[in-house]
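First to last, the sequence lines map onto chains A and B. Note that this note's numbering has the first sequence beginning at 642, numbered continuously upward. Note that this note's numbering has the second sequence beginning at -14, numbered continuously upward.
Note that these hints are calculated values from the structure, not bench results. Values in this document were obtained by computation on a predicted structure and should not be read as measured data. Virtual Cβ for every residue (Gly too), placed ideally from N, Cα, C. Hints should not be assumed to be uniformly reliable.
[What the hints assert, rightly or not] In the SDA-like style, the derived pairs of lysine to any residue whose C-alpha atoms are separated by at most 20 Å in a straight line are:
id : chain 1 : residue 1 : chain 2 : residue 2
1  : A       : Lys799    : B       : Gly370
2  : B       : Lys173    : A       : Asp836
3  : B       : Lys386    : A       : Ile796
4  : B       : Lys180    : A       : Trp726
5  : B       : Lys420    : A       : Ile796
6  : B       : Lys173    : A       : Thr736
7  : B       : Lys180    : A       : Ile796
8  : A       : Lys799    : B       : Lys104
9  : B       : Lys180    : A       : Tyr846
10 : B       : Lys104    : B       : Val187
11 : B       : Lys386    : A       : Thr689
12 : B       : Lys173    : A       : Thr689
13 : B       : Lys173    : A       : Trp726
14 : B       : Lys173    : A       : Arg794
15 : A       : Lys830    : B       : His349
16 : B       : Lys386    : A       : Glu756
17 : A       : Lys855    : B       : Lys173
18 : A       : Lys799    : B       : His349
19 : B       : Lys386    : A       : Asp835
20 : B       : Lys180    : A       : Asp836
21 : B       : Lys173    : A       : Ala850
22 : B       : Lys180    : A       : Gly1034
23 : B       : Lys180    : A       : Arg729
24 : B       : Lys180    : A       : Val690
25 : B       : Lys173    : A       : Phe960
26 : A       : Lys799    : B       : Asn134
27 : A       : Lys830    : B       : Lys87
[To be verified] Examples of chain B residues lying across from chain A (beta carbon under 8 Å, computed):
id : residue
28 : Lys53
29 : Leu57
30 : Ser351
31 : Cys355
32 : Arg359
33 : Gly361
34 : Trp364
35 : Lys386
36 : Arg395
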Amino acid sequence: MIQPASPDLVTVNIDGREVSVPRGTNVIEAARRVDVDVPFYCYHPKLTVVGNCRMCLVEMGMPAVDPATKAPIMDPATGKQRINWIPRPTIACATNVSPGLHIRTTTQMVKECREGVMEFLLINHPLDCPICDQAGECKLQEQATGYGRGYSRFIEDKNVKPKRTLLGPRVMLDDERCILCSRCVRFSKEIAKDDVLGFTDRGSYSTLACYPGKKLENNYSLNTVDICPVGALTSTDFRFKMRVWFLKQTNSIDTESSAGANTVVWSREGVIYRITPRQNDGVNDTWMADSGRVLYKQVRDAGRLVSARVNGAESAPDFAVTAAAALLAAGGVAVVGSGRSSVEEQFLAAKLARATKAATWLVSRVGQGDGLLVSADRNPNVRGALVTGLIAGLPSPALDELGRAIDAGTVKTVVSLGEDLVAAGITEAQLAKVAVIYLGTHADATSAAARIVIPTLTVFEKHGTLVNQQFRIQRFAKAVPGATGATDDLLILARLVSAAGGPNLGADVGSLWPSIASEVPALATMSYGDIPDTGLLLDATPWAGLAFAEGPGLHHKPGAPAPKEAPRG
Amino acid sequence: MAAPEQRRIIFRHIDEPGYTNDLACYQRNGGYEVLRKAVLRKPEELIDEVKKSGLRGRGGAGFPCGVKWSLLDRKSGKPIYLVVNADESEPGTFKDRYIIYKDPHQLIEGIMITCFANKVERTYIYIRGEFPDGATILEKAIAEARAANLVGPNILGSGYGCEIYVHRGAGAYICGEETGLIESLEGKRPYPRIKPPYFPAVLGLYQCPTIVNNVETLCHVKHIADMGGDAYAKIGTPGNTGTRILCVSGHVQRPGYYEFEVGRVTLGQLLNEVCGGPLPGRTFKAVIPGGSSAKILKFGERFKGKRKVGAEMVDYDWGLEDVPMDFDSLGMIGTMGGSGGVIVMDDSVSMVEALGNINAFYSHESCGQCTPCREGSLWMKKITGRMVHGEARPEDGALLKSVADQIAGRTICAFGEACAWPTQSFIAKFGEEFKGYAEAKKKPRGDGVPELV
């Protein structure tokens, strides 16, 4: 008899290998644990199971027991309990593990099932892979190669369906490529809660379409493109732009809000082509908002700052830093930090404030949360500013107090870390009274009025960490080289700290982190390299009393204790 | 051996002159007397009677009705629904239609007894869209019965009440599949559900325990409650109790509906004696015994094997004409009793064209949810369509069989088998005709028989 390893685990046998998996696991996931590939199209771990593609058919059996005595029936040939194999194949996606379950995926029957389903899926498929955007990441291609017969017996005319249907502003549908797996339908209904997709007609003429008068235009529509196993749904932003096999993948974080969805940035030769979600079951599952996918466009935006300026004249960055140091030395400094800066930048900003005896502010960006992956706090890293000690409490909606200090004459120099002070409530008149040192990426009213402007990098051009609404510290990595004329924020900040009489600190994340770990209590004992790809939850108790702006969202309940992390191996 | 007399239980009044489908006529003929007695009994007793009767479902699968009821999840605390499957769509079948049109109160009485026995308080009759008059007749009959306190709250002063609603389908064969029907009733596309976990007895209509029974089956329940399960079990043959309505269509002298004790009439008796044999100058070629999805049988075939008679196993050696028309015998010879639609084809029929017709039906009716049936049914239609209207290749028969083999047993619902079995059996029994069709097609047809496809 097979003994379960623990009460919550169930031991099953897959292709002769035993594996213990949690109760409720389905056979596809159980097989994954022993590196057995069970192919599928319609199954998605985050959506309901419908079992319509039939690609995951496997052979299933249970240990034989005597119906009367319930005693195991042994096989004299092997000395083991006999297995009663079910003569019909079973879908693995809808079969949950049960003690003693036996699965075979390599038999002739399973092989023929897969060949049959592959053949059926391909007979009416246009096979226009040479012009299809999905090529290179197409399940149909991959599994046809892995499990198909390799030739076609179909000599009839293929079905004809609409080739270019705009389902919404961002999603294009090619119905001929669609294999009717219904993932997009289920996603819209179950995750986006925007039930707009369905099928019309029936049988092989079934056609994906929006309901009459509806459009697929919710802020999560592009997830349907991600989960489409074929090239039926494509992104209007990405289609025909680049072959996916040319693209480099870099792990990053969606910076549009404090939800901190994990992402992959796809780039080639310094140009970013798209952003897609990266699975993190504690944060965003496999989803992200459409609005976060276009953030890469800021990298090549026309408003990008590309040269340092001192008193309106173009200047070398070194000279700009020296000039800034001189201003800082004159005293009366205020530092306007940013909830968009990384933890590392905020750490240095706090150092700079301390070295210049400056007061610190943070610009608040509170909007409406969508209950899913765009949270109310549109700053991705307010918690980083709390953790690093840059600010002591939550930022107020506007910088009124700073404005009063400027009017009173106690503040003469303002360091803005990419924040537009005008937009944050400082009047033009107040701005004219102070010298502004602006470290940022894009031109705005503040950069135009600034005494010193030093261009810095976007999130796609540098390394760093952010702390999301769950107090989960997550890393983002450099996807593309920095724009010409822009300098890494860390380098500028480290030099300013040093010039203002502060300590000499590392100017990149690797050399800076030992200082961070030794000085920031919440990050003690950590190192940059050891933060897992899915992030690390910090102890949030020091800030438990603060009234954060976020409402409930995916994997986030306001005020709830941080979810328990599974132990990592 | 001469054919036995028909035994009309369900169709007792169907062709009776002067018999109308209103409540007064039904009650003049003893209608609702069984219900009056039934509501005085314990519900469990009625379930026992049905179990003892051995009644098997008349919709197609022949599943024992009492067992179906015993699988109901009665502990969930959720309401239990009865859904009456009146989506009679299997080609060749026209029995439920006559019950609904000619004797609707018999069905309503059967429903009320079933509901009382199973403590059901809400019933939906899902009637196929092509029966608009049937829906009207049922609604009128339900209104009459409600006015007479036979349907609705507190029937016959018993304290028990049950409502019946008629729901019209929109013309889709798949709505006869019980979970597809339930989805349709819930207002969705009739995509059959995956089983497990969605067995209607546990997670049926609105995720509540649900009985789905065929129209004819529920009429039998009335008669079982009347005569008792033991008496009913004596009708027919052991394991195949009661009577069965056989709907004979196609190339016989007297097509129509006939009600016999199950297993008491053989296929030969039915076709040659009851239905008057083949049309003048023709000979029987093939017969589909249980609706178009049942596997076809070829005249001249012989079947040998062992079968259970009582407790003993006895040899049988049957010609096709000797096969008794019951669930088990038809199952033994590789086909099924199905819905009771007997489709007869004589020597004028081209099997390729007949299969083309059946394939056209199934490809049109495939819901399109799961891959093998969706793609396979249309592919088979395209092949037979090309053979008939275009170029036929000798290898097409083998290809057809291979496609059908890739469907059966791999789909969400039994439609996979329904669309694969005709092709599999046509090729198995008439494979030579498919091989030689290209040549045969070139020869002129002498008898002027119209093309089927």
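Results for each hint:
1. Between A/Lys799 and B/Gly370, the direct Cα distance comes to roughly 14 Å. Compliance with the 20 Å bound is thereby established for this hinted pair.
2. Proposed proximity of B/Lys173 and A/Asp836 is supported: the alpha carbons are some 13 Å apart, at most 20 Å.
3. A distance of roughly 16 Å separates the Cα atoms of B/Lys386 and A/Ile796; the hinted pair therefore holds under the 20 Å criterion.
4. Restraint check for B/Lys180 and A/Trp726: satisfied, since their Cα atoms lie roughly 18 Å apart, inside the 20 Å limit.
5. A threshold of 20 Å between alpha carbons decides the hint, and for B/Lys420 with A/Ile796 the separation of about 18 Å falls inside it, so the pair holds.
6. Distance check on the hinted pair: B/Lys173 and A/Thr736 sit about 25 Å apart at the alpha-carbon level, beyond 20 Å; violated.
7. A C-alpha spacing of about 35 Å is found between B/Lys180 and A/Ile796, which places the hinted pair above 20 Å, so the restraint is violated.
8. This hinted pair does not check out: A/Lys799 and B/Lys104 have alpha carbons roughly 52 Å apart, beyond 20 Å.
9. Under the criterion of a C-alpha separation no larger than 20 Å, the hint pairing B/Lys180 with A/Tyr846 is inconsistent with the structure, at around 25 Å.
10. With a C-alpha separation of about 15 Å, the suggested pair B/Lys104 and B/Val187 falls inside the 20 Å cut-off, and the hint holds.
11. About 34 Å separates the Cα atoms of B/Lys386 and A/Thr689, which puts this hinted pair outside 20 Å; it is violated.
12. For a cut-off of 20 Å, the pair hint linking B/Lys173 to A/Thr689 stands: about 16 Å separates their Cα positions.
13. Using a Cα cut-off of 20 Å, the hinted pair B/Lys173 and A/Trp726 is violated, with the two alpha carbons roughly 35 Å apart.
14. With a C-alpha separation of about 35 Å, the suggested pair B/Lys173 and A/Arg794 falls outside the 20 Å cut-off, and the hint is violated.
15. At roughly 28 Å between alpha-carbon atoms, A/Lys830 and B/His349 are farther apart than 20 Å, so this suggested pair is violated.
16. Distance hint between B/Lys386 and A/Glu756 is fulfilled; the C-alpha atoms sit about 15 Å from each other, no more than 20 Å.
17. Distance hint between A/Lys855 and B/Lys173 is fulfilled; the C-alpha atoms sit about 18 Å from each other, no more than 20 Å.
18. Proximity of A/Lys799 to B/His349 is assessed by CA-CA distance (about 16 Å); at most 20 Å being required, the pair is judged to hold.
19. Taken as a hint, the B/Lys386 and A/Asp835 pair is broken in the structure, with Cα atoms around 43 Å apart against an allowance of 20 Å.
20. Our distance criterion of 20 Å between C-alpha atoms is broken by B/Lys180 and A/Asp836, whose separation comes to about 25 Å.
21. For the hint linking B/Lys173 to A/Ala850, the alpha-carbon distance of about 15 Å falls within 20 Å, and the restraint holds.
22. The suggested pairing of B/Lys180 with A/Gly1034 is violated, with an alpha-carbon distance near 55 Å, which exceeds 20 Å.
23. Note on B/Lys180 and A/Arg729: the hinted pairing holds, with a Cα-Cα distance of about 14 Å set against a maximum of 20 Å.
24. Restraint check for B/Lys180 and A/Val690: the C-alpha separation of about 12 Å stays at or below 20 Å, so the hint holds.
25. Distance check on the hinted pair: B/Lys173 and A/Phe960 sit about 70 Å apart at the alpha-carbon level, beyond 20 Å; violated.
26. In summary, the hint linking A/Lys799 to B/Asn134 is not supported, as the alpha carbons are separated by about 58 Å, beyond the 20 Å threshold.
27. Proximity of A/Lys830 to B/Lys87 is assessed by CA-CA distance (about 45 Å); at most 20 Å being required, the pair is judged violated.
28. Interface restraint check for B/Lys53: the shortest CB-CB distance to chain A comes to about 21 Å, outside 8 Å, so the restraint is violated.
29. For B/Leu57, the interface hint is violated, the least distance from its beta-carbon to any beta-carbon of chain A being 23 Å, above 8 Å.
30. With 8 Å as the threshold, the beta carbon of B/Ser351 comes within range of chain A, its nearest partner Cβ sitting at about 4 Å, so the hint holds.
31. Interface restraint check for B/Cys355: the shortest CB-CB distance to chain A comes to about 5 Å, inside 8 Å, so the restraint holds.
32. Below 8 Å, beta-carbon pairs count as interface contacts, and B/Arg359 has one with chain A at about 5 Å; its hint therefore holds.
33. Hint on B/Gly361 holds. Least Cβ distance to chain A is approximately 6 Å, under the 8 Å limit.
34. Given hint, B/Trp364 at the interface with chain A, holds; its Cβ is 6 Å from that chain's nearest Cβ, closer than 8 Å.
35. Because the beta carbon of B/Lys386 sits about 12 Å from the nearest beta carbon in chain A, more than 8 Å, this interface hint is broken.
36. Interface restraint check: B/Arg395 against chain A, minimum CB-CB distance 6 Å, threshold 8 Å, status holds.
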